[in-house]
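S.K.: With the hints as extra help, turn the sequences into a complete structure.
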Amino acid sequence: MDSMNYFKPVMSQSDEQYFLHLLRVFQKAAETNNVTYLLVSGSAIGARRHHGMIPWDDDIDILVNHEHRETLDRALSQLTPQFELHKRVFPFIFQQQWNWKFCFATKGRTYLLNAFRWPYLDIFFYADNSTHLLSVKKVELLAKVDVFPLKRVPFGPIISRSFNIDKLLWIPSPCRIRFESAANICTSRSFSHIMEFPIFPFFQRTVSCSLLKNDYPFTYMVQEKTADLHYRNFDRKGLSVEFQELRLGRRIFYRLGLEQPLCDGHPKGSPGRFQLKRVVSGNASTVHEFFASGFKLFW
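Numbered by numbering that gives the first Met the number 0, the letters in the sequence shown go through residues 0 to 298 in order.
A hint or two may mislead.
Unchecked claim - DSS-like, lysine-lysine: derived pairs with alpha carbons at most 30 Å apart:
#1 86 with 106
#2 7 with 106
#3 27 with 86
#4 267 with 166
#5 212 with 267
#6 166 with 276
#7 106 with 143
#8 27 with 267
#9 7 with 166
#10 7 with 143
#11 143 with 86
#12 276 with 27
#13 86 with 295
#14 166 with 212
#15 295 with 27
#16 143 with 27
#17 143 with 267
What the hints contain is simulated information worked out from the structure, not anything from laboratory work. Please read these numbers as outputs of a predicted model, since none were measured by experiment.
M.R.: Okay, structure coming up:
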């Protein structure tokens, strides 16, 4: 089989919209209750590399502070009957302490042995010591200096190619992603969440991401190009600006200046309210340009 076939989307546009709806509902429930959470694993890479899910992926991974588990449990459990929180992989066998599933109550694919439905959010928990986040199970060990302070990253539809930046979600993500390999090397799925079983190594592939850049949107680091001085003198202590463009082939959808906090391992980040401002209005000869700063959202 051609290696490119391993990088075809496995979701429909409707599936992708279900995921974004779940994530939006989770975000509001978590943040109105002061629950610390962040995108992790492939979802963090997808947000950084595509401003959304990895196009051939089929789940969203979220890491939550273990101390906030009971608060999150109450917040998500109140969302019935439209949504369900599942804390058991196999019904009636054991209570999951390390992995929950958050899904629709009636929409999506059902499983023979599991009560939850796909699509779902995969929720994991972490504890910490002085230097690292220690996942209760499964998710990789993360150095605090790579995680905190958290920053918001854009997260929106990729398959439908509806790149309206005003409608993107802005989700907490690690302060810094060790991105060198993920920027250039694309890896196919190792687990089918749709079918809920692992994909054996023989059926996995790794290719240069350059082979996929005419098929899917990718972000590119760019030098500052705008003539606007809105953020050229952005000099708040400990903060800088990272410039990205979202492109599909040669087409540029938008340019984005992202406030980049100093990654020092301390949870307290940008004190300001999150803001997305238009810096340049695009036309036939210029690109839409935006500036995102701050962190706190008010619901």
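S.K.: Within 30 Å, alpha carbon to alpha carbon, are residue 106 and residue 143?
M.R.: The given pair, whose Cα atoms are some 37 Å apart, is violated under the 30 Å limit.
S.K.: Checking one constraint from the list: CA of residue 7 to CA of residue 166, max 30 Å. Satisfied?
M.R.: Measuring from Cα to Cα gives roughly 25 Å; hence the hint holds.
S.K.: Measure nothing beyond the straight line between the CA atoms of residue 143 and residue 86; if it is 30 Å or shorter, mark the hint as holding.
M.R.: holds (27 Å)
S.K.: Hey, residue 143 versus residue 27, does the alpha-carbon distance stay inside 30 Å?
M.R.: holds (25 Å)
S.K.: Has the given pair, residue 86 with residue 295, been kept, meaning a C-alpha gap of at most 30 Å?
M.R.: Holds. Residue 86 to residue 295 sits at ~29 Å (cutoff 30 Å).
S.K.: So if I understand the rule, the pair passes when the alpha-carbon distance is 30 Å or less; does residue 7 with residue 106 pass?
M.R.: holds (23 Å)
S.K.: Against the 30 Å threshold, does the CA-CA distance of residue 27 and residue 267 hold or violate the hint?
M.R.: holds (20 Å)
S.K.: Has the given pair, residue 27 with residue 86, been kept, meaning a C-alpha gap of at most 30 Å?
M.R.: Status holds; Cα separation ~20 Å.
S.K.: Can the restraint linking residue 276 and residue 27 be considered satisfied, given a maximum Cα separation of 30 Å?
M.R.: holds (22 Å)
S.K.: Can you confirm whether the C-alpha distance between residue 212 and residue 267 stays at or below 30 Å?
M.R.: Outside the cut-off at roughly 36 Å; violated.
S.K.: Next pair to validate is residue 143 with residue 267; report whether the Cα-Cα distance is within 30 Å.
M.R.: holds (12 Å)
S.K.: Does residue 143 lie within 30 Å of residue 7 when you go C-alpha to C-alpha?
M.R.: At roughly 34 Å apart (the allowed maximum being 30 Å), residue 143 and residue 7 break the hint.
Hints 5, 7 and 10, counting from the list given before, are not met by this structure.
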